[in-house]
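Asker: These are the residues of each chain, in order.
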Amino acid sequence: MELVIAIAVGVMFGSGIWLILRPRTFQLIIGLLLMSYAVNVFIFAMGRLWVDKPPITPVPHIDPTQFADPLPQGLVLTAIVIGFATTALYLVIMIGARGLTDSDHVDGEEPRE
Amino acid sequence: MLLTSLVLVPFVGSLLAALMPQSARNHESWLAIAVAAYGLIVAGLLFPEVEGGAVMREEFAWLPAQGLYFVLRVDGLAWVFTMLVLVIGLLVVLYARYYMSPEDPVPRFFSFLLAFMGSMLGVVLSGNLVQLVVFWELTSLTSFLLIGYWHHRADARRGARMAFTVTATGGLCLMAGVLVLGHIVGSYDLDVVLAAGEQIREHELYLAALVLIALGALTKSAQFPFHFWLPHAMAAPTPVSSYLHSATMVKAGVFLLVRLWPALAGTPEWTWIIGGAGVCTLLLGAFIAIFQHDLKGLLAYSTISHLGLITVLIGIGTPLAMVAAIFHILNHATFKASLFMAAGIIDHESGTRDLRVLRGLRHKLPITATLAIVASAAMAGVPLLNGFLSKEMFFAETLHVGGERNWWMSYAAVAMGMFSVAYSLRFISIFFGAPAQDLPRDPHEPPRWMRFPVELLVLACLIVGIAPGISIEPILNVAVHAVLGSASPDYDLAVWHGLNLPLLMSVLALAGGVLLYVVLRRHFDLRERDNVPLIHRFNGAQAYETVMLNLTRAASWLLQRLGTARLQPQLLLMMIALLVLPLLLAGAPPAWTQIPLQDFDPLFAALWAIGGGCAIAGAWMAKYHRLAALALVGGTGIITAASFLWLSAPDLALTQLMVETVTTVLILLGLRWLPPRIEPGDLKPVPPRTVWLRRTRDLAVAVAGGLALAALTYAVLVHPASDTIADFFLLNALEGGGGSNVVNVLLVDFRSFDTLGEITVLAIVALTVYALLRRFRPAPESAGVPPQQRNTADPAHGQSPAEQANSGYLMVAGIYLRLLLPFMGVIAVYFFMRGHNLPGGGFVAGLIFAVAILVQYMLAGTAWVESHLHLRPHRWLGLGLLLACATGLGAWLFGHPFLTTHTAHVSWPLVGELHLPSAFVFDLGVFAVVVGTTMLMLVALAHQSLRAHRQPGEDAAGGMN
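In order, the protein sequence lines correspond to chains X and Z.
Under this note's numbering, the first residue of the first sequence is numbered 1, with each subsequent residue one higher.
Under this note's numbering, the first residue of the second sequence is numbered 1001, with each subsequent residue one higher.
The hints are simulated quantities; they were obtained by calculation from the structure and are not laboratory data.
Glycine included, every Cβ here is placed at the ideal spot set by N, Cα and C.
Take these hints with a grain of salt, some might be off.
[Claimed, not checked] Here's a subset of chain X near chain Z, in silico, CB distances under 8 Å, partners left out:
id, residue
1, F13
2, W18
3, F26
4, A68
Here chain X stands alone, though its shape is the one from the complex:
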C-alpha cells in the first residue's frame, strides 16, 4: 500500500510539473489540478495509512492508537475546498486573459520564434 501511494503521488506530481512548464493556459490549469491531488494525498499520507479505522469515535474513552489521524484529514479537507476556489479563480483569469489578449499563451502573447 505504502509503495502504491508513494508511486501514485510521484506520478501525479511529475505529470503536474510537466504540465505547468507548458506554454498554454489550459495545460497549466490541468497541471495545477494534478499537483493539488498529489500534494493533498501527500499531506494526507503524513498521518500514515489506515484501513478501516476512520476517525469516528462512537464512545468516549477510546484508544487513540486504533483510529486514523484526523488532523491531516481536516487540513486536506480545507485544502480541497480552497483548491476548488483557486481553480475557479484561475479559470476566470484564463478565459479573461484569452479575451483580452487574443492568445491562450501563459504570457498573454504568442512567443516570438
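Mind docking chain Z on chain X? Use the hints.
Answerer: Quick look at chain Z alone, frame taken from chain X:
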C-alpha cells in the same frame, strides 16, 4: 491615566477632525484649540511634581515576553518639550485658522496637524526607546503628509518625498542604534539606559550605537550633510513650517541627543561626530541663508544654522553647554516660529515671498513689521532679546573648546554670528525703503487673531531677553536638572555679565554682520545673485536626486538582468528550487527504523494503475484534446477520492467527489472560450532542436520532481509516526466537542477559527470571480454561436434550452431531473445533519446542494431556472459569514473566548432529545457560504454564454442581472 491621555487625546482629535465636513474651518480650529488647551491643563497639573524632580511613569504591557512595555514618562526635560509642543501648537492652530483659505481641504490639514502633535508628544514622553522610535517615525510620516498637503503642486510632492526619505532612513538607523543600545544595556527602558552610561561607553559596540543614533538625530534635525531636505520642506503651508520645521519636529533630533546625553556623551567620538556635524551645519546654513531670495528659504537655512548651533553645544557636552543648548532650543522656537508666522502673513497679504520684490512694507503693515523686526533682532542676537542670551552662552562655551590656545571654534562662532546678523538684516530689509508697487496684492494688516500668536511670541522674546532670571530660569532649571542630575552647574542668566570675551564676540559679530551686509549689498549685487558664492556646487538636493536616480537605474538594470516577466522560466526555477533546496537544507536522514507495512492489496494497486495512467494520459492530451484531458484528470480525482475512502477518510472522499464534480462542470463552462487547437495530424512538422531540448529538460525536471516526492512519501510512510496532537482530538471530540466525527469536530470546533478564515477566502474568491466576469469580453472568434449549435438538420436547432427540456428531446431527462431536485435537497440536509457524528458536514452538504441546483441549470438553461428559482448567491454568502461570525461572537456573551462551542440539549416533541452544539450553527454558516460560492461562480460563468450572443458594446455596463 493623565499622561496617557496627553498622548491619546491629539490622536482622537485627529480622527474627529478627519470626519468633519470640508467647510468646517471654525469647528476644526476650535477642536484643535481644545486639544492643545487640554494638553496644557494636564501639563500644568504635572508641573508641581516635575519641579520637585520627580519622574512620573505610566506603564502598559506591550510585548511583555520580549521585555517591551509601553512606557510614558515625564521628567523635567520631557515636560519642557511638552510645553513647547503644546504652546506653539496652540498658537499655530489659531494662526492656521486665518492662514488656510476656505478652498483648502481643512479637515485633512487639522487631522494631520493633530496627529503630528500626538506623535511629537509621544516622542518626548516615551519612556521606552523602541516606542520612541515608533513615534519618531510617526512624526516623519505626518511631516511627509503635511509637506505634501497641497499635493497638486510638484514642489510639494518632491519636498515631501525628499523629507520623508531622509528622515525615515534616519529613523531606520535610529531603530538599529536603539537595538544596539538595548543589546548593550539589556533593556529598552529609558531610565535603565540612562543609568548605564559607564557600561555603554565602555562597550565595544558603543561606536556603532553612537553612529546609528547620531544618524537618526542628525537627519531629523537637518544637520550637515543631511540638511538639504529642510529648505524643500518649505513647500508646506506656513503654519506647518512654523510648527514642524522650526519649532518642534526638527528639534526632535537635538532633543534625542540631549535625552541620551547621560548615556552616550563624554567621549571624543561624541564630540567629533556631533560637534563636527554641528559646526559644518552652523556655518553652511548661516552663509547660505544670506543669499536666499525666498523669505521662507532664508528662514529655513537660518533654522538649519541655529540647529547646528544647538548641535555644537551638545557636541561640546559640558554641563554649561547643555544648559545653553536647552535654552537655545526654547529661544529659537520662540523667535523662529514668530518669524515664520510673520513671513506667512506677508505672503498671505502681499501674495509673494520674494525678497527681491518686497520692500517698504512697514508703511502698509506697521505692526507686523515691528513684530518681525524685533523677532529678527532676537535671531541676530541683539541684546535685551532672548537670542542674545543663549548666543552669548554659546560664545562663552566655544572659548573652552580645544584648550586655551585653540581659537578656531571661536572664529567659527563669530563668523556664524556675523552671517546671522547679515541675513537678519536681509530679512528686515523688506520693511524699509519705498513701498513696492508691483506686488501681486495690496497688503493690509492681517486679522487681529492671526497676528496675535506673533505678538505673544515676540512678547516672550522680550520678557526672556530683559528679565531671564524670573521668567525662564525656573523652567530651564527643571529641564537641566532632569538631564544633568547632580552634575547640574550653577549658572546665572543675566543680561549683563560685565565686560568679558563673549560680550566682545557679540559686539564683533553685530558690527561685522552689519558691515558684511552693507558690503554685500553695495558691491556684490545681493539682490541679483542666482547662486550662493563659493559653495553653490555643493548641492545636497542635487546629490540626493542623483542617488535616487542611480538607485532606480540600478534596480531596473538588475530587474532586466535577473528578472523575467515570462511565466515559464519562473515556474521552472521554482520547480528546480523545490527540488534542490530541500536537499541542501535537509540534514542527514534519521535512523531507518522501518515499520511493518500494510498488506498489499492488488485491487488498490489496480486502482492506482488507472489513476496514474489517467494522470499521464491527461498530461499528454492537454495540448490538443482539452475535453479528453479534463475527463482523464477527473478520473484521477475519482481514484483519489476512492483512495481516501479506502484509507479511512470518508469525509475527504465525499468532499473530493463533490469538488471533482463541481470543478469539472466549471472547467467545461470555461472550455468554450479557449481558442481551437487542432492537432496537425500527418503533416506534423519536425519540431526544431531548441523545442526538443526544452521538452527534454522539462521532462527531466518533471520526472525528477515526481521521483523526489515519491521517495519522500515512501520514506515518511515507512517511519513510525511520532506523537502528534491527533490523540488530543480523538480523545476530546466526543466529550469536549459533542460529536463523534472527529474530522468534522476538528473543522467546526477545535480549529473553527481556521475554518472561518477559509470560508472568508471562499467568499472573497467568489466575489472576485464575479467581479472579473462582469468585465469579461470574449475573443471575437469565440463570441458567436458555436458551430455545433449551427447545424440546421438538428431538430433542436433554434430551440432555447428551456424548450428543449420542456417539450423537446430532453423532456424525459427534464422531468426526471426536476423530480430529483427535492430529493437531492433532502440528501444535502441529511449529510449536513449527520455531519457532527458521521461523515458529512457543512462543506459536503453545501457542495451537494450546489450540484442539485447546477443540474437544473445544465438541463434547462439559465433563463428558465432563474425565472423559476430565485437564488441570490450573494445573500447566501453574506448570511453564511454572518452566521459563522455571530456564532463566534456569541461566545463572548458568556465570557468565553471567540468561537468557543457550547452544547445545548433540547428535547423536541416527536424528534426526542436533540443535542445542539453551537458548532452546528457555525456549520450552517459554512454550508451557506459553500452554496453561495459555488453558485455565484458557476452561474456567473454560465451567464457569459447568454451575453456572448449579444453584440459587443451592446451591454457596456455588463453584468448578470
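Asker: So which of those numbered hints doesn't the model satisfy?
Answerer: none
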